[in-house]
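We have chain A; now place chain B onto it with these hints.
Letter by letter, the chains look like this.
2 protein chains.
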Amino acid sequence: MKIESLQNSKVKEWIKLKEKKYRDLNNLFLIEGDHLLNEAMIKGVVREIISTDKLFDFEGIPFYEVNDSIMKKMSNQVSGTNVICVCEKLREREIIGNVCLLDNIQDPGNLGTIIRSAVAFNIDTIIVSPDTVDLYNDKTIRSSEGMLFHINVIKQNLEDAIDSLKNKDYKIYGTNVENGLDLKETSFGNKGAVIIGNEGNGVKKALQDKCDSLIYIPISSTCESLNAGIAASIIFYEMN
Amino acid sequence: MKIESLQNSKVKEWIKLKEKKYRDLNNLFLIEGDHLLNEAMIKGVVREIISTDKLFDFEGIPFYEVNDSIMKKMSNQVSGTNVICVCEKLREREIIGNVCLLDNIQDPGNLGTIIRSAVAFNIDTIIVSPDTVDLYNDKTIRSSEGMLFHINVIKQNLEDAIDSLKNKDYKIYGTNVENGLDLKETSFGNKGAVIIGNEGNGVKKALQDKCDSLIYIPISSTCESLNAGIAASIIFYEMN
Numbered sequence: 001m002k003i004e005s006l007q008n009s010k011v012k013e014w015i016k017l018k019e020k021k022y023r024d025l026n027n028l029f030l031i032e033g034d035h036l037l038n039e040a041m042i043k044g045v046v047r048e049i050i051s052t053d054k055l056f057d058f059e060g061i062p063f064y065e066v067n068d069s070i071m072k073k074m075s076n077q078v079s080g081t082n083v084i085c086v087c088e089k090l091r092e093r094e095i096i097g098n099v100c101l102l103d104n105i106q107d108p109g110n111l112g113t114i115i116r117s118a119v120a121f122n123i124d125t126i127i128v129s130p131d132t133v134d135l136y137n138d139k140t141i142r143s144s145e146g147m148l149f150h151i152n153v154i155k156q157n158l159e160d161a162i163d164s165l166k167n168k169d170y171k172i173y174g175t176n177v178e179n180g181l182d183l184k185e186t187s188f189g190n191k192g193a194v195i196i197g198n199e200g201n202g203v204k205k206a207l208q209d210k211c212d213s214l215i216y217i218p219i220s221s222t223c224e225s226l227n228a229g230i231a232a233s234i235i236f237y238e239m240n
Numbered sequence: 001m002k003i004e005s006l007q008n009s010k011v012k013e014w015i016k017l018k019e020k021k022y023r024d025l026n027n028l029f030l031i032e033g034d035h036l037l038n039e040a041m042i043k044g045v046v047r048e049i050i051s052t053d054k055l056f057d058f059e060g061i062p063f064y065e066v067n068d069s070i071m072k073k074m075s076n077q078v079s080g081t082n083v084i085c086v087c088e089k090l091r092e093r094e095i096i097g098n099v100c101l102l103d104n105i106q107d108p109g110n111l112g113t114i115i116r117s118a119v120a121f122n123i124d125t126i127i128v129s130p131d132t133v134d135l136y137n138d139k140t141i142r143s144s145e146g147m148l149f150h151i152n153v154i155k156q157n158l159e160d161a162i163d164s165l166k167n168k169d170y171k172i173y174g175t176n177v178e179n180g181l182d183l184k185e186t187s188f189g190n191k192g193a194v195i196i197g198n199e200g201n202g203v204k205k206a207l208q209d210k211c212d213s214l215i216y217i218p219i220s221s222t223c224e225s226l227n228a229g230i231a232a233s234i235i236f237y238e239m240n
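Those sequence lines, one after another, are chains A and B.
According to this note's numbering, the stretch in the first sequence is residues 1 to 240, in order.
According to this note's numbering, the stretch in the second sequence is residues 1 to 240, in order.
Accuracy of the hints is not assured; some may be wrong.
Computed beta-carbon distance windows for the label pairs [as the list claims (entries may be wrong)]:
# : chain 1 : residue 1 : chain 2 : residue 2 : range
1 : A       : Lys184    : B       : Gln106    : 24 to 34 angstroms
2 : A       : Leu25     : B       : Lys2      : 31 to 41 angstroms
3 : A       : Lys184    : B       : Ile3      : 50 to 60 angstroms
4 : B       : Leu25     : A       : Lys18     : 35 to 45 angstroms
5 : A       : Ile3      : B       : Lys2      : 45 to 55 angstroms
16 angstroms max Cα-Cα, derived EDC-like pairs, lysine to aspartate or glutamate [as the list claims (entries may be wrong)]:
#  : chain 1 : residue 1 : chain 2 : residue 2
6  : A       : Lys139    : B       : Glu185
7  : B       : Lys171    : B       : Asp212
8  : A       : Lys184    : B       : Asp107
9  : B       : Lys204    : B       : Asp160
10 : B       : Lys184    : A       : Glu238
11 : A       : Lys184    : B       : Glu185
12 : B       : Lys139    : A       : Asp107
13 : B       : Lys191    : B       : Asp163
14 : B       : Lys184    : A       : Glu185
For the record, the hints were derived by calculation from the structure and aren't laboratory data.
Computed from a prediction, not measured in an experiment: that's the story for all the values here.
All residues carry an ideal CB built from backbone N, CA and C; glycine is no exception.
Looking at chain A on its own, in the form it has when it is part of the complex (with noise of 0.2 angstroms):
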């Protein structure tokens, strides 16, 4: 039976989970489109599944034919959408191979793109301190281009997961625009851990003084800085 009314039960708990406060107090978030319920259903995380048409048909996944109003009210984007789905939070695994650490990040684009190229240079898993900006936002989602269900994503303390990470053997490199061996230089193993800081800040000191070797990309004097999703994404492209 279509839904046809925003007053409905299901369609407030549907737009609430466009807020951290209540993604995070269901352990569910929301993706728009096609592509990323494809990447969500091989991942076994889709929940519900919500459109504006009558063609899904998932085996044993509760599906809800809404109206066009409903769509739009639920949706981020512009230009709408003809499916969202209610997803599972994905879960949290052993680390296996190169980790990148984020110190933070505050854009959700910023988070999204270098989700996006950790999984393009084979990084295995990103941890996130508890002030990046959420995973689950849908900009985040969006510029990850369904990445973030390809990849292992933790969030915790840094400092613990530097600790933790020493512990299993590996070398943790620091960023900084102005100290530190060039990049290009730098030749990382196979257990390489590389924190990337703050758009404004970089990497918190308390944090470069845990590491074992600090690294920058050399830039031209003209330009102060990278973009944060571009300098992870370049050393990214190193440690492959």
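Structure of chain B alone, referenced to chain A:
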């Protein structure tokens, strides 16, 4: 004298500059904030300064004090700004070093990021196809972090641009996700020109056919492609 009305003819002119059509017609564009104002002053392209504060005193440049509601209407930023300037569009100049050609880049954030990385990695000139997003779009300017004032941007049909670059002994590199030389194996001379393609479709076939070499960045098969700004930046990093 403070301007208080949104109906003021000056205010109406300024607001029109938020649209590409009027920027093109008047050869002017708007920038927001102190940081961009400083960069534009160095470049000598500031025509008018508009602010809610009385503080500004820049010799010879007309200054207009306005109220908060005018400033809010003019600003493209959610958090607002205290200063907006009308600037002359930047002049195109002769090409001297490494070059990047942009084939139909559509995302203003990507264009801005490409400009920022290009300056960082000493690319001299960016040639944009006529169907690339406007250089003077507020999001492009913002994500360039003011670096658009430090690079030569030329708008030109890319087939013509390639012909004239070849006449100047440039080597033309296309990007292609499937075929071509591994970027890590590519050695660029000091007159290299690289073409970055549209976000969805890559570099047009007709342009690829005119290239001396095609290059690609090796990535995991899990990830379909890199973000265009990321791909461009990694190539600039290797060309530098």
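Hint check results:
{"no.": "1", "hint": "A:Lys184 <-> B:Gln106: 24 to 34 angstroms", "result": "holds (32 angstroms)"}
{"no.": "2", "hint": "A:Leu25 <-> B:Lys2: 31 to 41 angstroms", "result": "violated (48 angstroms)"}
{"no.": "3", "hint": "A:Lys184 <-> B:Ile3: 50 to 60 angstroms", "result": "holds (53 angstroms)"}
{"no.": "4", "hint": "B:Leu25 <-> A:Lys18: 35 to 45 angstroms", "result": "holds (39 angstroms)"}
{"no.": "5", "hint": "A:Ile3 <-> B:Lys2: 45 to 55 angstroms", "result": "holds (53 angstroms)"}
{"no.": "6", "hint": "A:Lys139 <-> B:Glu185", "result": "violated (35 angstroms)"}
{"no.": "7", "hint": "B:Lys171 <-> B:Asp212", "result": "holds (6 angstroms)"}
{"no.": "8", "hint": "A:Lys184 <-> B:Asp107", "result": "violated (30 angstroms)"}
{"no.": "9", "hint": "B:Lys204 <-> B:Asp160", "result": "holds (14 angstroms)"}
{"no.": "10", "hint": "B:Lys184 <-> A:Glu238", "result": "holds (9 angstroms)"}
{"no.": "11", "hint": "A:Lys184 <-> B:Glu185", "result": "holds (14 angstroms)"}
{"no.": "12", "hint": "B:Lys139 <-> A:Asp107", "result": "holds (14 angstroms)"}
{"no.": "13", "hint": "B:Lys191 <-> B:Asp163", "result": "holds (14 angstroms)"}
{"no.": "14", "hint": "B:Lys184 <-> A:Glu185", "result": "holds (14 angstroms)"}
The structure fails hints 2, 6 and 8 (numbered hints given earlier, in ascending order).
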